[in-house]
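*Asks:* Letter by letter, the chains look like this.
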Amino acid sequence: MKRLHRFFQTPEAIAGALILALLVAIALAAPLLFPGDPQAIAGPALLPPLQNWSLPLGTDRLGRDVLAELFHGARTSLAVGLAAAAAALLVGAVVGTLAGFAGGLIDEVLMRITDAFQTVPSFLLALAFVSIVGPSLGVVIAAIALGAWTGPARVARAEVLSIRERDYVAGARVIGMHPLEIAFREVLPNALPPVLALSSVIVAAAILTEAALSFLGLGDPNRVTWGGMIAEGRTVLRTAPLLSIVPGIALVLTVLGVYLAGEGVVESTAVRRSLS
Amino acid sequence: MTRALTLLRRRLVGSVFVLLIVVIGSFLLLEAAPGDAVDAYIVSTGGDAGMIELLRHRWGLDQSELTRLANYLWALLHLDLGQSVTFSRPIRDVILERLPSTLILMGSATALSFGLGSALGIYAGARPGSFRDRFLSIGSLALYAVPGFWLGLVLIVVFAVDLRWLPIGGIETVASAKTGVARARDIAAHLVLPVSALGFIYLALYLRMMRAGMAEAWRQDFVLAARARGLPRRRIVLAHVARNALLPLVTMLGLQSAQMLGGSVVIESVFAVPGLGRLAQEAVAGRDTPLLLGIILVSAVLVIVINLLVDLAYAFLDPRVGAGEAVA
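Taken in order, these protein sequences are the chains called A and B. Counted from 1, the first sequence has number 55 at position 55 by the numbering used here; the numbering is strictly sequential. To get the numbering used here, take the position in the second sequence, counting from 1, and add 1000.
Keep in mind the hints are simulated off the structure, nothing from the lab. C-beta atoms are modelled at their ideal positions from N, C-alpha and C, and glycine is treated no differently. Fair warning: there could be bad hints in the mix.
[What the hints assert, rightly or not] Distance ranges between label pairs, derived from CB positions:
id, chain 1, residue 1, chain 2, residue 2, range
1, B, R1235, A, L50, 31 to 41 Å
2, B, V1158, A, I41, 25 to 35 Å
3, A, A197, B, R1234, 49 to 59 Å
4, A, E108, B, N1071, 25 to 35 Å
5, B, L1308, A, Q51, 53 to 63 Å
6, B, G1286, A, L105, 38 to 48 Å
[Stated by the list, open to error] Partial list, computed: chain A residues near chain B (C-beta under 8 Å):
id, residue
7, I230
8, I245
9, Y259
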């Protein structure tokens, strides 16, 4: 409770939490408020916003309900953002722990692989991966995670390097625990906090990458995405710029909410640390 | 000078290993792609199916995977990236043709984000905790949350469609036969919007780093000493606080280059800039996997070179670097 209280101390953290709560509510409510296929035709094409109260945000070039698309798009953005970040954090933590704990040749090889992944622009890598394997939700998530695990891996390795010299690790060795068991049951859990501190940045980047991929037509074709909506609206940019602008604002708010909430969490734990 | 040379040699050896991993990785991706070069060739030329076995044999595609990897590496050593299916030309030539636009775009966007970002960062960091500091911190965070391609579209709507101040896309006016200064001005006008879209996003990064570094530096003893000597505040801010916060930004410049290159893929497609990023998109559209992997290899080399240059600049700026290389 105390930590929650501390989290809600800065106005930024409150704003971030509110945005995220609203977003989750939207994502959960989408199938209830807009049952049926959001990609189905709902009215006349290119209906401007605020003209017809059953279609408050109007329709797009094909007569699809923009508000319904927006709601369903929130689901895709959140699902991809969270899943890709979780995968990246998991892979990064495991690779970083192995490299830091094993040391020697294993460390050297794993870190050179990490270097290689950081040398290739992660967006190009995601683009190539999706275009070779074929676009679907799972592939997009994997493609984004492929370029995002290096940061967590480096942080985890650095943390593990300092933890592995501690007494309780030596103790675990003495009682004859298997090195892998020590690495993943004793060291990894203690190395996690700084790795998890990266999660807001990674979720935000994943949401932006997903949007860019679907903007280029590499998203899951069976799902509504905000990036796809922007690309769709681009064809009528001169006559109906709002069709591109509105989903973009949704993206900006989402990512900003993630950043603000993330800063709030980091700040509240930093305060906790400096107090103790 | 020897300091810089040892540094360079150490980094080069590391880079060779990294590049080798990238090459093997892209070879594996190439193998994972459905169909091979012969399939693509037959589809694109509509050639007869009886040729398939012959072509596979002639191009060495019927050999074992290891042999093919060796062949691939051998070709790369000769700077041969293979043949592009969509362009029916050597991939190397296609990429070299597109590289300049991307380099100009990236260079200008980096200069914009670094210059403006660090300047605003100094402005914010001069008085940590003040209203302008908080305002710039939140504002830069909001800017960092903006998708570059969307910012590009908004800029197009405002400045190219509504106000008609700037061209809507491309790198220069087609068939204008402009030369010299007129051509340079034409290209500059075309670059204003894409460079802004790309540069403004990353500005936040430098701003926040500068600000954080300065907030840290204010607490150091040498700043207290400078104050005690009665130096003017302006001088303390610039010569003592900001100067010490600047070095990490230089490192960031190298680390960001891969991000910048990835970002330019989407920006180039929004503004129809005929660069490497747009080429990547064309390769995706044409299912031209070898071309796509060629682009990835070239960008990896580009990122490595940029980071080498940044390391050298760093060694030049900070005399401590390289002196203790044996330890580090």
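*Asks:* Evaluate each hint against the coordinates.
*Replies:* Verification of the supplied hints:
Roughly 56 Å separates the CB atoms of R1235 of chain B and L50 of chain A, a value that falls outside the hinted 31 to 41 Å. The supplied range of 25 to 35 Å is met by V1158 of chain B and I41 of chain A, whose beta-carbon atoms lie about 31 Å from each other. Distance hint for A197 of chain A and R1234 of chain B: a CB-CB separation of about 36 Å, inconsistent with the stated range 49 to 59 Å. For the pair E108 of chain A and N1071 of chain B, the beta carbons lie near 28 Å from each other, so the given range of 25 to 35 Å is met.
Checked against the hint of 53 to 63 Å, the pair L1308 of chain B and Q51 of chain A passes, with Cβ atoms roughly 58 Å apart. Between G1286 of chain B and L105 of chain A, the C-beta spacing of about 41 Å keeps the proposed range 38 to 48 Å intact. The closest approach between the C-beta of I230 of chain A and any C-beta of chain B is roughly 6 Å, which is under the 8 Å cut-off, so the hint is satisfied. With a cut of 8 Å, the hint placing I245 of chain A at the interface with chain B holds, because the nearest CB-to-CB distance is about 6 Å.
Because the smallest distance between the Cβ of Y259 of chain A and any Cβ of chain B comes to about 5 Å, under 8 Å, the interface hint for this residue holds.
In summary, the structure is inconsistent with hints 1, 3 from the numbered list given earlier, while agreeing with the others.
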